[in-house]
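Starting from the known structure of chain A, arrange chains B and C on it as the hints suggest.
Chains as they are written, first to last, in this note's numbering: chain A, 1 to 166; chain B, 1 to 786; chain C, 1 to 267.
Treat the hints with care, since some could be wrong.
[To be verified] Quick list of the computed label-pair ranges, beta carbon to beta carbon:
hint, chain 1, residue 1, chain 2, residue 2, range
1, C, Ser-52, B, Val-701, 52 to 62 Å
2, C, Ile-242, B, Pro-669, 33 to 43 Å
3, A, Lys-11, B, Ala-424, 36 to 46 Å
[Claimed, not checked] Below, in silico cross-link-like pairs of lysine-lysine (DSBU-like), each with a Cα-Cα straight-line distance of 35 Å or less:
hint, chain 1, residue 1, chain 2, residue 2
4, B, Lys-131, C, Lys-170
5, C, Lys-170, A, Lys-117
6, B, Lys-131, C, Lys-39
7, A, Lys-145, B, Lys-436
8, A, Lys-145, C, Lys-21
9, B, Lys-720, B, Lys-436
10, B, Lys-89, B, Lys-48
11, A, Lys-145, B, Lys-595
To be clear, the hints were calculated from the coordinates, so they are not data collected in a lab. Where a beta carbon is used, it is the ideal one built from N, C-alpha and C, also for glycine.
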Amino acid sequence: MPTVSMTVNGKPVSANVDARTLLVQFLRENLRLTGTHVGCDTSQCGACVVHVDGVALKSCTTFAWQVEGANVTTIEGLANGDKLHPMQEAFRENHGLQCGFCTPGMIMSAVEMVWRKGSDLDEQTIREELDGNLCRCTGYHNIVKAIHAGARAMAGDRGPAQQAAE
Amino acid sequence: MSATGIGASVRRKEDFRFITGKGHYTDDISRPGQTYAYFLRSPHAHAKIKRIDKAAAEKMPGVLGVLDGAEMQADKIGNLICGWMIHSKDGSPMKMAPHPALAVGKVCYVGDPVVVVVAETLAQAKDAAEKVVVDYEELPAVVDCAKAKGATQIHEVASDNVIFDWHLGDKAKTDAAFASAKHITKLDIYNNRLAPNAIEPRAAIGEYDTGSESFTLWNTSQNPHVARLVIAAFVGMAPENKLRVIAPDVGGGFGSKIFIYNEEVVALWASKRVGRPVKWTAERSESFLNDAHGRDHATHAEMAFDADGKILGLRAHTVANLGAYMSTFSSSVPTYLYATLLSGQYAIPQIYCEVDAVYTNTAPVDAYRGAGRPEAAFVVERLMEVAARELGVDPADLRRRNFVKSFPHQTPVIMAYDTGDFDASLKKAMELADYKNFGKRKREAERRGKLRGIGFSAYIEACGIAPSQAVGSLGAGVGLWESAEVRVNPTGSVEVLTGSHAHGQGHETTFAQLVSERLGIPIESISIVHGDTDKVQFGMGTYGSRSGAVGMSAIVKALDKVEAKAKKVAAHMMEAAEGDIEFKDGTFTVAGTDKSAAWGDVALNAYIAHKFSGQELEPGLKEGAFYDPANFTFPAGCHICEVEVDPTTGETEIVNWSAVDDFGVVINPMIVEGQVHGGVAQGIGQAMIEHAIYDDNGQPVTGSFMDYAMPRAHNLPSFKVGMTMTKCPSNPLGMKGCGEAGAIAAPAAVINAITDAIGTENIAMPANAATVWAAIQKTQPRAAAE
Amino acid sequence: MYAFEIHRPTTVRQAVNLLAKNPEAKLLAGGHSLVPVMKMRLASPSALIDLSKVEGLAGVEVGSRSVTIGAMTRHRDVARSPELHQVMPALASVPDSIGDPHVRNRGTIGGSIANNDPNADYPAACLGLGATIITNKRKIPADEYFQGMFDTALEPDEIITKVSFPIAKKAGYEKFKHPASGFALVGVFVSKRSSEIRVAVTGAGANGVFRATVFEEALKKRFHPKSLDGVTLSTDEMNSDIHAGKDYRAHLVGVMARRALAKAVAG
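Just chain A, same shape as in the assembly (with noise of 0.2 Å):
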């Protein structure tokens, strides 16, 4: 069995994990952070969305060590201690969420999208970019809204990939 190492939420981490492990299954079922879902089995509803390296991908069409030594940013680990990100407030105060299922992928998507898009977005941008999140509750609008709103919020705020790359 294959040693992965990372660090996930600013803390490293390692385990012997079997070649097969997602690093859904890695997030979810070794580490016990939970607020990583999984909707579907076919890349396609992006609830188990987190960041590797400031990147947004699909934990469970990812295995664990493919992201051996890689920096991870779940759920879990976006509020800044007990400050939550202005993504997370920006759902909370418009009603981007009802049942909750979707809404760490949502999220997490939503923060990315913001690093690669700017944080001047229309609706259509916000619509189309949301392409790889499923949603069955909300209708999207508010969580197009609370997008807008985030994003403005995180001006300034360009991402680690984009400032690796500079």
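Here is chains B and C on its own, set in the frame of chain A:
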């Protein structure tokens, strides 16, 4: 209105845990010693099971049990049931076929669970399942509900596959009304089959404790008490007091998590068999196979009008596909939840509806957001729109001419509408939609080569389900009241135990708002407890837009009792007569004096009991109540959809959605609007892209999100939402319910708009680009020849 | 998922040797086609040879006459290449239409064309521009490379290292998305480079990506949407499924081709 009371858009209390990844859904739970279940399911739509060979599988690494239906029967585990009795026209009871949790002797749909493998890991369970050999003898499959009657027999109890042939209304009088009609509008409708697809897949953990001989089930349920009742009393797993059901955070339901399913029953039974907790979590592909689907009705409907465009009568014949087995409440959906709403918002003197429910070799079909009412609204509102076009009348005008205008109004199909103002919601929706300038927009679109259309849907639904006596007389196996217990702690904080159970609706917030308003305490001091049969007294759960109108009414009743008791305590504290005690904004005062006592002091005094004799007044401050509604509630409204069709591809964009709903008194407008958005999105999904399809052999074709089109953000517009308000007279808060309205209203509005745009009378759902393009080829050959 | 071994070579040579030694092994690039089918136990490679550590496989190089994209270049990086946008925005638009943002963050051009999904976008771009698929062994013209759905000219121990696209002054891609999966229900890439005109179609064909020669002929007179007036594709070779019948697909090919042409002549 206080900042956290009734009518305030309070931000949700439950959100903090969800936005930080700290929610607790069933699959997040790990029990010590937990094992994993994997279900081997039927690959055939219809087959006899000739032999099951488990020997090789049992020898696989990590395997703890390979169990089948025969063993389940040997352990005296009973079948799943349908809890609503429907009688056919001739008085005979519906033909409920045995529904074993693991197939016995035959399989009836693709996905029917046959064998469960329990192992140390899920991968081991799957590996072992591949070694199980099942010999099948395939039988011809029945798929299409319209052709089911008299096709290959699926169950012994139903020789022609008909479960019941039921009717409602007066046939002779309705036929007479049609005979005198000036105009008759006719329509054939197929209400497409849908996969519910809550984003959280179903899951269950069964655990048996040998010491106490009791079971615990964690599951993704909208109604854990009903699950316990059915699994105890009908399946016979354990006595009710030896079974605890816990439904923690539930990630969406839309009806699909009401029902009692094979997998949770098997997880419980297997946990006793293997002596360890057994966990099962559906993969999405399993959800497509085995979650109860929605709709799947084929209807022929007719509406008769007099010379003034007044409706004389409506008649409909519906064939309802209930799938391979009767799911928990399946029989109620195409009958009392459907035909009773065929009067819509209109005064219709005569209505007659016949419904044939049939078995097919497809997944069971049961309630899905709206459950029967979307099907009814679709029939009525499509007929109205087509009739308006045939009669050359403005569709708004034809509706107005026929609206029910005085209340109460008794329809010919059981329901007695208590209140409403249909003119008001229509008018407001037309303003919101800027209806008067539609012509201008249509011409402007034409210049861009696009076809614009507009469609109305003036829906009504029956919610607040339901008066127990009434539903009992209609065949329900349970009462549909709700319970509440209000527990005041010595420090004055409050726990409310409710039989309702949220799966996204925000009860922890709205229920707390009610208590905050009544007791004058901050909502932070109020906790809502639900979803655990060991903590909460019996309750009926959340579906049918009932948790406000019924669940909160029970809380009101309990709060009334709490207040009455607290006044007694306060009277003793302040040495005043009980009748002189007044309670407002969290303070008890004695009329005509300056004496007062704060809520917290009274709560403390209730528990320390120093100021009164325990013989005279019981210590403590905790009251329970059961509320049984006096009537259904009747949310109603008008949704207007405006579309733009690209005739070259058939692509349809919703350019404007205006929803005006009358939900009675609204507790939290932010949450209510969110319910409208979500419901409308599901209705648009049904109308435009969603369809669960089986091929002629009963193989599912839409078995994943790669083939089953789910509404995504870019398929939908932002919605304009407005409200009108007539207070519901039958419950203390005046609430009507809002959870299903959007899904009920939307499909007809979309189809009315698309058919208006492309100039065709009818189009099948889902009206996706391919369907719309094909329809355009028939109506506008020139536009299509780009 | 079935058990498998992991190999993480750092050079193409190592990767090729591993592939030669493990005939049941699969190369892992972005993994967004392979991992889902492994999860469903529809694929059972004995080993995964992960290409992410192999040096020199990623990057977009813009030359004077061609653009070369390394096999492991992710869709996101191709879509965001400013140099590519400068010389051939039509090609940059192709990866931007693939899947969703998360798929684009992981998926690669090499993975896409090695898989040759009949609804994938990149095969249309390759065939529509007359690209050259460069492997560890040879250079394969796109016209010879795509051999039917999920079928290519690649030999068992052959690895795509890069793809070279000739720069076409006039090019355009237009896609009609599958309502559920977001793949191309129909996608058409058109290009004109000196006298060579290409119209490549993905999603529609019963046998994968193909060139619409009747359209190419019609466009020889004038490279303009109007030249396709009255020109229709035979429905015979069209794919048909629950989402679109043959006639609708054939019709959409015409619509998408006109729209792609409009972009090409405007750009």
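A:Lys-145 and B:Lys-436 were given as a pair; does the straight-line alpha-carbon distance stay at or below 35 Å?
Distance of about 29 Å is within 35 Å: holds.
For B:Lys-89 and B:Lys-48, compute the direct alpha-carbon distance and say whether it is at most 35 Å.
Holds: B:Lys-89 and B:Lys-48 sit about 32 Å apart, inside 35 Å.
With a cut-off of 35 Å on the C-alpha distance, tell me whether B:Lys-720 and B:Lys-436 pass.
Given pair B:Lys-720, B:Lys-436 holds - Cα atoms ~17 Å apart, limit 35 Å.
Take the C-beta atom of C:Ser-52 and the C-beta atom of B:Val-701, compute their distance, and say whether it sits inside 52 to 62 Å.
violated (36 Å)
Satisfaction of hint between C:Lys-170 and B:Lys-131, Cα-Cα up to 35 Å:
This hinted pair is violated, its Cα atoms lying about 57 Å apart.
Evaluate the given range 33 to 43 Å for the C-beta pair formed by C:Ile-242 and B:Pro-669.
Taking Cβ atoms as reference, C:Ile-242 and B:Pro-669 lie about 41 Å apart, which means the hint holds.
Would you check the hint for B:Lys-131 and C:Lys-39, treating anything up to 35 Å between C-alpha atoms as holding?
The hint holds at about 18 Å.
Holds or violated: A:Lys-145 to C:Lys-21, with C-alpha atoms at most 35 Å apart:
Violated, at roughly 54 Å.
Taken at face value, is the distance from the CA of B:Lys-595 to the CA of A:Lys-145 at most 35 Å?
violated (50 Å)
Is 36 to 46 Å a correct range for the gap between the Cβ atoms of A:Lys-11 and B:Ala-424?
violated (58 Å)
When you check the alpha-carbon spacing of C:Lys-170 and A:Lys-117, does it fall within 35 Å?
Holds, at roughly 28 Å.
In summary, the numbered hints that this structure violates are 1, 3, 4, 8, 11.
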